[in-house]
Amino acid sequence: MPEYGAETARLSLHVPEPEVRPGDTPDFSKVVIPKAGSVDRPPVDVDPREIRDHAYSIIRVLNRDGDAVGPWAGTLTDDEVMEGLRHMMTLRTFDARMLMAQRQGKTSFYMQHMGEEAVACAFRKALEPGDMNFPTYRQAGLLIAGDYPMVDMMNQIYSNEADPLKGRQLPIMYSSKDHGFFSISGNLGTQFIQAVGWAMASAIKRDTRIAAGWIGDGSTAESDFHAALVFASTYRAPVVLNIVNNQWAISTYQGIARGGSGTFAARGHGFGLPSLRVDGNDYLAVHAVAKWAVERARRNLGPTLIEYVTYRVGAHSTSDDPSAYRPKTESDAWPLGDPVIRLKNHLIKRGLWSDERHKQTEAEFLDTVIAAQKEAEKHGTLHAGGKPSTRDMFEGVYETMPPHLRRQRQKAGV
Amino acid sequence: MPRMTMIEAIRSAMDVTMGRDDNVVVFGEDVGYFGGVFRCTAGLQQKYGKTRCFDAPISELGIVGAAIGMAAYGLKPCVEIQFADYVYPAYDQIVSEAARLRYRSNGQFTCPIVIRMPTGGGIFGGQTHSQSPEALFTHVSGLKVVVPSNPHDAKGLLIAAIEDPDPVIFLEPKRLYNGPFDGHHDRPVTAWSKHPLGEAPDGHYTVPLGKAEVRRAGSAVTVLAYGTMVYVAQAAAEETGIDAEIIDLRTLLPLDLETIVTSVKKTGRCVVVHEATLTSGFGAELAALVQEHCFFHLEAPVARVTGWDTPYPHAQEWDYFPGPKRVGEALVETMGA
Numbered sequence: 000m001p002e003y004g005a006e007t008a009r010l011s012l013h014v015p016e017p018e019v020r021p022g023d024t025p026d027f028s029k030v031v032i033p034k035a036g037s038v039d040r041p042p043v044d045v046d047p048r049e050i051r052d053h054a055y056s057i058i059r060v061l062n063r064d065g066d067a068v069g070p071w072a073g074t075l076t077d078d079e080v081m082e083g084l085r086h087m088m089t090l091r092t093f094d095a096r097m098l099m100a101q102r103q104g105k106t107s108f109y110m111q112h113m114g115e116e117a118v119a120c121a122f123r124k125a126l127e128p129g130d131m132n133f134p135t136y137r138q139a140g141l142l143i144a145g146d147y148p149m150v151d152m153m154n155q156i157y158s159n160e161a162d163p164l165k166g167r168q169l170p171i172m173y174s175s176k177d178h179g180f181f182s183i184s185g186n187l188g189t190q191f192i193q194a195v196g197w198a199m200a201s202a203i204k205r206d207t208r209i210a211a212g213w214i215g216d217g218s219t220a221e222s223d224f225h226a227a228l229v230f231a232s233t234y235r236a237p238v239v240l241n242i243v244n245n246q247w248a249i250s251t252y253q254g255i256a257r258g259g260s261g262t263f264a265a266r267g268h269g270f271g272l273p274s275l276r277v278d279g280n281d282y283l284a285v286h287a288v289a290k291w292a293v294e295r296a297r298r299n300l301g302p303t304l305i306e307y308v309t310y311r312v313g314a315h316s317t318s319d320d321p322s323a324y325r326p327k328t329e330s331d332a333w334p335l336g337d338p339v340i341r342l343k344n345h346l347i348k349r350g351l352w353s354d355e356r357h358k359q360t361e362a363e364f365l366d367t368v369i370a371a372q373k374e375a376e377k378h379g380t381l382h383a384g385g386k387p388s389t390r391d392m393f394e395g396v397y398e399t400m401p402p403h404l405r406r407q408r409q410k411a412g413v
Numbered sequence: 000m001p002r003m004t005m006i007e008a009i010r011s012a013m014d015v016t017m018g019r020d021d022n023v024v025v026f027g028e029d030v031g032y033f034g035g036v037f038r039c040t041a042g043l044q045q046k047y048g049k050t051r052c053f054d055a056p057i058s059e060l061g062i063v064g065a066a067i068g069m070a071a072y073g074l075k076p077c078v079e080i081q082f083a084d085y086v087y088p089a090y091d092q093i094v095s096e097a098a099r100l101r102y103r104s105n106g107q108f109t110c111p112i113v114i115r116m117p118t119g120g121g122i123f124g125g126q127t128h129s130q131s132p133e134a135l136f137t138h139v140s141g142l143k144v145v146v147p148s149n150p151h152d153a154k155g156l157l158i159a160a161i162e163d164p165d166p167v168i169f170l171e172p173k174r175l176y177n178g179p180f181d182g183h184h185d186r187p188v189t190a191w192s193k194h195p196l197g198e199a200p201d202g203h204y205t206v207p208l209g210k211a212e213v214r215r216a217g218s219a220v221t222v223l224a225y226g227t228m229v230y231v232a233q234a235a236a237e238e239t240g241i242d243a244e245i246i247d248l249r250t251l252l253p254l255d256l257e258t259i260v261t262s263v264k265k266t267g268r269c270v271v272v273h274e275a276t277l278t279s280g281f282g283a284e285l286a287a288l289v290q291e292h293c294f295f296h297l298e299a300p301v302a303r304v305t306g307w308d309t310p311y312p313h314a315q316e317w318d319y320f321p322g323p324k325r326v327g328e329a330l331v332e333t334m335g336a
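In the order they appear, the protein sequences are chains B and R.
Per numbering that gives the first Met the number 0, residue 0 is the first one in the first sequence, and the count goes up by one each step.
Per numbering that gives the first Met the number 0, residue 0 is the first one in the second sequence, and the count goes up by one each step.
The hints are simulated quantities; they were obtained by calculation from the structure and are not laboratory data.
Incorrect hints may have been included.
[As the list claims (entries may be wrong)] The list that follows gives simulated cross-link-like pairs (lysine-lysine, DSS-like), each with its CA atoms no further than 27 Å apart:
hint	chain 1	residue 1	chain 2	residue 2
1	B	Lys176	B	Lys34
2	B	Lys348	B	Lys176
3	B	Lys204	R	Lys49
4	B	Lys358	B	Lys176
5	B	Lys34	B	Lys204
6	R	Lys265	R	Lys324
7	B	Lys377	B	Lys410
8	B	Lys358	B	Lys290
9	R	Lys46	B	Lys204
10	R	Lys264	B	Lys410
11	B	Lys358	B	Lys124
12	B	Lys410	R	Lys46
[Claimed, not checked] Coverage of chain R stretches by chain B, computed from C-beta distances (three or more under 8 Å per stretch; other residues unrestricted):
hint	stretch
13	0-13
14	30-36
15	94-106
16	223-237
Using N, Cα and C, we set each Cβ at its ideal position, and we do this for glycine too.
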């Protein structure tokens, strides 16, 4: 036994650190990327205990040559794949314009999806009308792929007179019940257990609709995440629980929330949930895994946990500067590539697309987005033009305005 | 009219609403098979099945978060937090989510949930089974906060709360669960069945949220109280012989300001009584409102009688509890001012 007080007898705290910091060379050598097509596709009624390895591998369909390979390929028609590319391109164009609008002072804040477009866009196409998503701020792809009008999204971002949410929410905190998109909260992780509750309600009412919960890698540290897994597991709720691991929670790398556990997906094992990891930059793989989990929920087989392995190329938000905490070239080094380029290359390989058409389509989408932007700006931006009335501020706190709020509204002179 | 305990009245309220509306579901820790540690939900699972009344994992956050999701779907969950002291893990879900869902989604999603919880001291529960957290909720826009003081009101208010389109915090004074209270801790308590306030009609009726009730008419001083403290105030009025008008607030948010102002303008004096700690307690809001609306009618400063600013002690429970002696002293002082 070492002598008490000797250095060897003292404890030390482990604080995880990413492999590299600004100025270093990006290094993803420890990210093990299995070959596309190498992970098997179990039946949806599989016993979760038989697929424990799926929480440690990565399901991939698109290989480096642009081919769709393996047992998870073939869930979409050619037209659907083309549509998927268009959705991702639309979101990327939308992002670029709204980022610029924020820089121009037309709104206070924006959060872009750069590098993560495949996750929400592909997932949305696995759902049916009436299903409900409980998203985070980085799943606008659910709305784009769900045909929610772009002008309404912009009206919300501008908090203008046509904002469906009357200027009450931060930009990008959309809400559309009709499009299966639950109101976004700024408090992280709260929606995960709510998704489970919604799904439980659907099961209580013997409905056919299912729910999907969304959370980021950092927010899995919130108690809400664990409550959601307990409830989903206990009541076998018809819910798909999605963890988007984009490597960064603002400046904090994923190793801080993950700690010593193998993967985020592996957290499902303690709850008996089938838990899968998927290449989040592979539109076809995301769709295939989403379809598998959605079918499982729909067939009353219970919840599924999915970890999307992806990379947040852009800043966390317009208030963030990623060059302060990670190498500037890290996104280029991300081994799973760019979801838009990968799907584009796949379609070109299959003779369904070309570089020329891609460029032409990019230009068309830019025109479409600019036209929507002009339309939205007719209704005003945050600091100019039309805005929701001050009277609206007092409405909707309760279904019926109580006397104390009426008095305050009168005092405000509205 | 049947006589019942407050527990029976609360159970009857859930029974009545579950029978009328399939969308009402009841869940929480131990509430299913066993019927809750206070037995408020006894028999409901047997009557309505285990998908309408069921046990939940020990996760207050999970119970409230799941209820919010259910409400967004279209159900009307009425959930139980085993003791008000345990509600804090769910606080974020209540304050940031339930309270704001209607507002932030512009009415696309609403949250008609009821969160029931036993509150207050008087059963030797120590500092973790005796708290009165109402002020933590009355500060939150979008919530309603209810505290009944007798079986009739408990049933009518709970039915109104379950049928209300917005989230309601329903605080049940556990000192009153099993029988009436004469305001004194050291006297035997008779059964509600022998007490006129123990009467509650069968079937469906409501006591509207946001309406106070004058429990004792008087002309010398207005006492504002709720829950257990209504009885303490009554004992103090009787023992001092002061002609106090006692108002049972019943709903703290939204508050029945009109009844309060009418009474204080009549009496010219006001004493506020609650069991929760003094500093930033709900009594501060009441005193401020009375000052704002009745200043030129006041003949004495508004007095507050509350629990002390300490955690609720176990052995010294009755020194902490604002009893008739302390309320009586405040009445005498207010009358002499």
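Structure-based check of each hint:
This hinted pair does not check out: Lys176 of chain B and Lys34 of chain B have alpha carbons roughly 39 Å apart, beyond 27 Å. For a cut-off of 27 Å, the pair hint linking Lys348 of chain B to Lys176 of chain B is broken: about 39 Å separates their Cα positions. For the given pair, Lys204 of chain B sits about 13 Å from Lys49 of chain R by alpha-carbon distance, which is consistent with the 27 Å threshold. Restraint check: the Cα-Cα separation between Lys358 of chain B and Lys176 of chain B comes to about 35 Å, which exceeds 27 Å; the hinted pair is violated.
Proximity of Lys34 of chain B to Lys204 of chain B is assessed by CA-CA distance (about 43 Å); at most 27 Å being required, the pair is judged violated. Note on Lys265 of chain R and Lys324 of chain R: the hinted pairing holds, with a Cα-Cα distance of about 25 Å set against a maximum of 27 Å. Of the pairs offered as hints, the one joining Lys377 of chain B and Lys410 of chain B is violated, with about 31 Å between alpha carbons and a cut-off of 27 Å exceeded. Taking the CA atoms of Lys358 of chain B and Lys290 of chain B, the gap is near 31 Å; set against the 27 Å cutoff, the hint is violated.
Restraint check for Lys46 of chain R and Lys204 of chain B: satisfied, since their Cα atoms lie roughly 17 Å apart, inside the 27 Å limit. Between Lys264 of chain R and Lys410 of chain B the CA atoms are separated by roughly 23 Å; this keeps the pair inside 27 Å, and the hint holds. For the given pair, Lys358 of chain B sits about 25 Å from Lys124 of chain B by alpha-carbon distance, which is consistent with the 27 Å threshold. As the CA atoms of Lys410 of chain B and Lys46 of chain R are separated by approximately 50 Å, the hinted pair breaks the 27 Å bound.
Counting residues of the stretch 0-13 of chain R whose beta carbon lies closer than 8 Å to any beta carbon of chain B gives 0, which falls short of the minimum of three for the stated coverage. Coverage of the stretch 30-36 of chain R by chain B is violated. Counting CB-CB distances below 8 Å, 0 residues qualify, and the rule asks for three or more. Only when three residues or more bring their CB closer than 8 Å to a CB of chain B does the claim for the stretch 94-106 of chain R stand; here the count is 9, and the claim holds. Coverage of a stretch by a chain is defined here by at least three residues with a beta carbon nearer than 8 Å to that chain's beta carbons; for the stretch 223-237 of chain R and chain B the count is 0, and the condition is violated.
Violated hints, listed in ascending order, are 1, 2, 4, 5, 7, 8, 12, 13, 14 and 16; each of the other numbered hints is respected by the structure.
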